[in-house]
Amino acid sequence: MQDMELDENIFKDGRDAYEEMEKQEKYKALREAIAQLNAEQQELIELSRFQGLKYEEISEITGNSVGAIKVKFHRTMNKLREHYFELV
Amino acid sequence: MDCIKINNLLIDYIDNNLNIALSKRVKEHIDSCESCKADFNQMVILLKDMDSINDKFPSPEMKEKFMAMLEEEKRNQKVVEMDSREKGFVSLISSGWGQVGIGAAVLIIGFLMGFVFRPGSGSNSVQMLENEINLMKQIMMLSKFEGSSASERIQAVSFIQEQSEPDNELVEALIHTLDNDKNMNVRMAAASALSKYYSNPLAKEALVNALNKQKDPLMQITLINLFVELHDKTAVDGMRRIIIDQNSHDVVKSQAQKGIRALI
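Top line first, the protein sequences correspond to chains H and A.
Start counting the first sequence at 16; every next residue gets the next number (the numbering used here).
Start counting the second sequence at 195; every next residue gets the next number (the numbering used here).
In short, the hints are calculated from the structure, not lab data.
Built from N, CA and C at the ideal position, the CB exists for glycine as well.
Errors might be hidden in some of the hints.
Chain A residues, not near chain H, derived (Cβ > 12 angstroms throughout) [claimed, not checked]:
id	residue
1	Arg219
2	Ala232
3	Gln236
4	Ile239
5	Asn248
6	Ser345
7	Ser352
8	Lys376
9	Ser386
10	Ser393
11	Asn406
12	Asp410
13	Pro411
14	His443
15	Ile454
Just a sample of chain A residues kept apart from chain H, beta carbon distances all over 10 angstroms, derived [as the list claims (entries may be wrong)]:
id	residue
16	Asp225
17	Cys227
18	Asp233
19	Asn377
Simulated restraints on C-beta separations [what the hints assert, rightly or not]:
id	chain 1	residue 1	chain 2	residue 2	range
20	A	Ser393	H	Gly82	28 to 34 angstroms
21	H	Ala54	A	Tyr392	27 to 33 angstroms
22	H	Glu97	A	Lys376	29 to 35 angstroms
23	H	Ala83	A	Asn441	34 to 40 angstroms
24	H	Gln51	A	Glu366	42 to 48 angstroms
25	H	Glu37	A	Asn441	39 to 45 angstroms
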């Protein structure tokens with residue numbers, strides 16, 4: 016009886032580990048896609064999506080106009096989308 | 195509305211930032227336009243994945259599982275046989291830390307076994323197990339720094355952070371990362387990790403130097419806040435220099451002023 020329990024646990028751990036590994040692979044792909052952007056684009060992604068800053072705040076930090084930032088941001092996200100779905 | 199305009203609205207649409215009228219127009223367009231629908235679907239996935247990647251590393255589930263396994267190993271300690279511990283290490287390595295192949299895992303196990311089973315080492319077994327795990331972590335961390343992705347490097351930094359006294363080699367790895375890593379997230383993680391080892395003169399010096407070297411506003415702000423928390427007056431000079439520097443951003447300058455006031 017105990018042996019069977021042990022086997023089940025190992026199997027479940029294996030499945031969880033596989034899922035975890037898949038997740039990590041996906042994040043690795045996303046990080047790589049981001050890394051393919053140029054520095055300005057990466058900063059834009061970081062400030063807007065990861066730090067949650069608004070366009071006005073980003074404008075203050077980078078010195079670019081809000082309008083310019085919006086344009087660059089959408090262009091960047093489209094590029095990122097292309098890279099990401101090439102990799103995944 | 196043409197596809198280009200719709201494309202520019204997609205993200206705000208997904209984030210629910212559009213007013214009702216605009217939302218409706220976007221939805222109608224997506225429903226009827228195959229190519230925009232495809233873009234929309236991709237964008238949804240991208241944004242979702244970016245949100246989840248934004249959570250701390252390692253993922254909470256992974257850390258929980260590791261802790262549970264550690265407890266399990268401790269409980270099995272009374273049966274201190276080679277077999278059970280080998281199995282413990284192999285499952286520790288293969289679940290969640292993926293990068294090390296089984297071949298390498300066996301090598302690591304062999305190395306650790308050789309290190310630990312020294313004749314006459316009278317330390318208690320739980321302590322020994324913890325030392326082995328720490329050693330293993332350190333070995334994996336060093337190898338992860340050569341890994342390509344930023345997330346792996348951040349993981350390495352956060353594992354190092356859990357050591358109470360990392361050896362100088364690891365501190366130097368952190369310093370190198372702080373000064374040279376291309377990814378700002380990784381540099382910030384390294385700064386935060388180094389601040390924990392402030393008593394180490396190498397770490398302290400590296401952080402103070404970083405205040406001058408890092409030009410990224412976010413990095414500067416992070417560092418200023420760290421110094422205020424650490425009550426380190428030697429950073430005041432660096433903060434003054436930031437205020438004088440014309441290229442410093444206004445937000446950073448005001449943060450530096452607050453920092454100086456807090457420290458003096």
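Against the structure, the hints:
1. Arg219: About 17 angstroms separates A/Arg219 from the closest Cβ of chain H, which puts it past 12 angstroms; holds.
2. Ala232: For A/Ala232, whose nearest Cβ neighbour in chain H is about 10 angstroms away, the distance does not exceed 12 angstroms, so it is violated.
3. Gln236: violated (5 angstroms)
4. Ile239: For A/Ile239, whose nearest Cβ neighbour in chain H is about 8 angstroms away, the distance does not exceed 12 angstroms, so it is violated.
5. Asn248: violated (5 angstroms)
6. Ser345: A/Ser345 not clear of chain H: closest Cβ-Cβ about 5 angstroms, inside 12 angstroms.
7. Ser352: Non-interface label stands for A/Ser352: nearest chain H Cβ at 14 angstroms, farther than 12 angstroms.
8. Lys376: violated (8 angstroms)
9. Ser386: Non-interface label on A/Ser386 holds, nearest chain H Cβ at 15 angstroms vs cutoff 12 angstroms.
10. Ser393: At about 31 angstroms from chain H, A/Ser393 clears the 12 angstroms cut-off, so the statement holds.
11. Asn406: The claim stands: A/Asn406 keeps its Cβ more than 12 angstroms from every Cβ of chain H (closest is about 20 angstroms).
12. Asp410: Check fails; 8 angstroms does not lie beyond 12 angstroms.
13. Pro411: Answer for A/Pro411: violated, closest chain H Cβ roughly 6 angstroms.
14. His443: violated (6 angstroms)
15. Ile454: Holds, since 21 angstroms exceeds 12 angstroms.
16. Asp225: Given a closest Cβ separation of 20 angstroms, the condition holds.
17. Cys227: holds (16 angstroms)
18. Asp233: violated (7 angstroms)
19. Asn377: Non-interface label on A/Asn377 violated, nearest chain H Cβ at 8 angstroms vs cutoff 10 angstroms.
20. A/Ser393 - H/Gly82: 28 to 34 angstroms: At roughly 49 angstroms between Cβ atoms, H/Gly82 and A/Ser393 fall outside 28 to 34 angstroms, so the hint is violated.
21. H/Ala54 - A/Tyr392: 27 to 33 angstroms: Holds, at about 30 angstroms.
22. H/Glu97 - A/Lys376: 29 to 35 angstroms: This hint is violated: roughly 22 angstroms between Cβ atoms.
23. H/Ala83 - A/Asn441: 34 to 40 angstroms: violated (20 angstroms)
24. H/Gln51 - A/Glu366: 42 to 48 angstroms: Taking Cβ atoms as reference, H/Gln51 and A/Glu366 lie about 30 angstroms apart, which means the hint is violated.
25. H/Glu37 - A/Asn441: 39 to 45 angstroms: holds (44 angstroms)
Of the numbered hints listed earlier, those contradicted by the structure are 2, 3, 4, 5, 6, 8, 12, 13, 14, 18, 19, 20, 22, 23 and 24.
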